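Given chain A's structure and the hints, the job is docking chain B onto it.
Chains A and B are the protein sequences, given in the same order. Under the working numbering, think of the first position of the first sequence as 511, with each following residue one higher. Under the working numbering, think of the first position of the second sequence as 147, with each following residue one higher.
Just so you know, these hints were derived from the structure itself, not from any lab. This one's a predicted model, so the numbers in the text were calculated from it and none came from an experiment. Think of the CB as a built atom: it goes at the ideal place given N, C-alpha and C, for glycine as much as any other residue. Any given hint might turn out to be false.
Said to hold, decoys possible - Dumping the calculated DSBU-like pairs for lysine-lysine here, alpha-carbon to alpha-carbon at most 30 Å:
hint: 1; chain 1: B; residue 1: K148; chain 2: A; residue 2: K626
hint: 2; chain 1: A; residue 1: K577; chain 2: A; residue 2: K626
hint: 3; chain 1: A; residue 1: K517; chain 2: A; residue 2: K626
hint: 4; chain 1: A; residue 1: K621; chain 2: A; residue 2: K574
hint: 5; chain 1: A; residue 1: K542; chain 2: B; residue 2: K148
hint: 6; chain 1: B; residue 1: K148; chain 2: A; residue 2: K577
hint: 7; chain 1: A; residue 1: K560; chain 2: A; residue 2: K517
hint: 8; chain 1: B; residue 1: K148; chain 2: A; residue 2: K595
hint: 9; chain 1: B; residue 1: K148; chain 2: A; residue 2: K560
hint: 10; chain 1: A; residue 1: K517; chain 2: B; residue 2: K148
hint: 11; chain 1: A; residue 1: K621; chain 2: B; residue 2: K148
Claimed, not checked - Over the 12 Å line for every Cβ pair with chain A, so calculated as not near, a few chain B residues:
hint: 12; residue: E172
hint: 13; residue: R219
hint: 14; residue: H227
hint: 15; residue: E244
hint: 16; residue: I248
hint: 17; residue: A279
hint: 18; residue: G281
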Amino acid sequence: MVYLTRKAEFSASHFYHNPAFTPEENRRVFGKCNNPNGHGHNYTLEVTVKGEVNPRSGFVVDLKQLKDVMHHEVLDAMDHRFLNKEVPEFLHRIPTTENIAIAIWQRLTPKLAAAKLHRVRVYETPDLFVDFYGEP
Amino acid sequence: MKAHLSRRYLFSASHRLHSDAMTDAENQATYGKCNNPFGHGHNYIIEVTLSGPVDEQTGMVCNLTDLDSFMEREVLARYDHENLNVLKEFAQEIPTTENLCIQIYEIVHRGFTHAHLEKVRLEETMMNSFEYAGGEAIH
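Okay, chain B solo, but in the shape it has when bound:
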């Protein structure tokens, strides 16, 4: 039978929302205090949802040890305690939580093959969160 497994991970990072294609006034109007030149930080929570048949032998959709080690190596090591703006991942795009959510989805989608990735949900604060399912609708 098919089940959905969700796992949450915490990391902390800083960013500044600023577009070189906009004037200073436009940046200020668009991003408000997120445009502060020295940046600011968040405790982000990633919620990864995977689906698949529950294995008869193990009772699992996938082994959490595999998922945790993948997420640690490929996602948390990349973003945790970093300034997102200086990472190569954000050389060409603004480190909004929308873009970060899509990047994390793509990393898991490409690299984790033990179960089907349904979606990535990313909480920037307790008050706002973003979800991406590869462009598919989310139920």
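Same shape as in the complex, but just chain A:
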């Protein structure tokens, strides 16, 4: 089994708000992330896939295919977008880094054929990142 990781970057804005909370609760729980006008980050995405090395190609996965899937499924949807307003998953779910990692996993996993998705890592800043392994 060999693990292969591909990186990508995207920039997006978001804010944190739960309509079930009072305005005071929203401010207390989410702090400055609750500003309804949103704020932005340069996200770094790391997608790790695993599989056996194909004896004919020497590849775990065709990197070009992986790059194309990441572009179609993630970057086209999220790059330079306001996540709360433009990405379907986040119309009714808070676009925290945790939920972004889960959404990216759910977008990628049905599109990967040869290799199996191992981990989605999303950096919101260099000092904060989330890993999702598809665990329930």
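Chain B alone, transformed into the frame defined by chain A:
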């Protein structure tokens, strides 16, 4: 669904690696320039990894405000801009980054209850780092 959240913190401290149980020659052979009597310093980076279910109401494993205030109060205030050798924490052990990593793990493991501590990773320089998960294997 279960996710892992990692957060990095910077602090600066000095230390000297020296064991009273060794001769001067043994100390020198074991610790090399880290045995310099006046000590030296590093910019340490702590990477704390926590796991847990993503809360349906908040979308979070734990609130970063809680984690940041805990780390500031219990870890950074203790070690930042200090000489590790004179701290009570190192009265009985040598302030290697291995021992420091274990101490930080124990502080977070005991005191931070909002999520499960997976591991602590401690970078002493850009070239070396140490990880501790309470004795468990790290995947």
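How the hints compare with the structure:
1. B:K148 to A:K626: holds, 19 Å
2. A:K577 to A:K626: holds, 15 Å
3. A:K517 to A:K626: Satisfied, since the Cα-Cα distance of roughly 16 Å is no more than 30 Å.
4. A:K621 to A:K574: Given that 30 Å is the threshold and the Cα spacing comes to 14 Å, the pair holds.
5. A:K542 to B:K148: It holds: about 25 Å lies between the C-alpha atoms, which stays within 30 Å.
6. B:K148 to A:K577: With a Cα-Cα distance of about 26 Å, the restraint between K148 of chain B and K577 of chain A holds, given a limit of 30 Å.
7. A:K560 to A:K517: Distance of about 15 Å is within 30 Å: holds.
8. B:K148 to A:K595: Satisfied, since the Cα-Cα distance of roughly 25 Å is no more than 30 Å.
9. B:K148 to A:K560: Satisfied, since the Cα-Cα distance of roughly 20 Å is no more than 30 Å.
10. A:K517 to B:K148: holds, 22 Å
11. A:K621 to B:K148: holds, 22 Å
12. E172: holds, 40 Å
13. R219: Consistent with the label, R219 of chain B stays out of reach of chain A, its closest Cβ about 18 Å off (over 12 Å).
14. H227: Answer for H227 of chain B: holds, closest chain A Cβ roughly 19 Å.
15. E244: Given that every Cβ of chain A is farther than 12 Å from that of E244 of chain B, nearest at about 23 Å, it holds.
16. I248: I248 of chain B is indeed farther than 12 Å from all Cβ atoms of chain A, at 22 Å.
17. A279: holds, 14 Å
18. G281: holds, 21 Å
The structure fails none of the hints (numbered hints given earlier).
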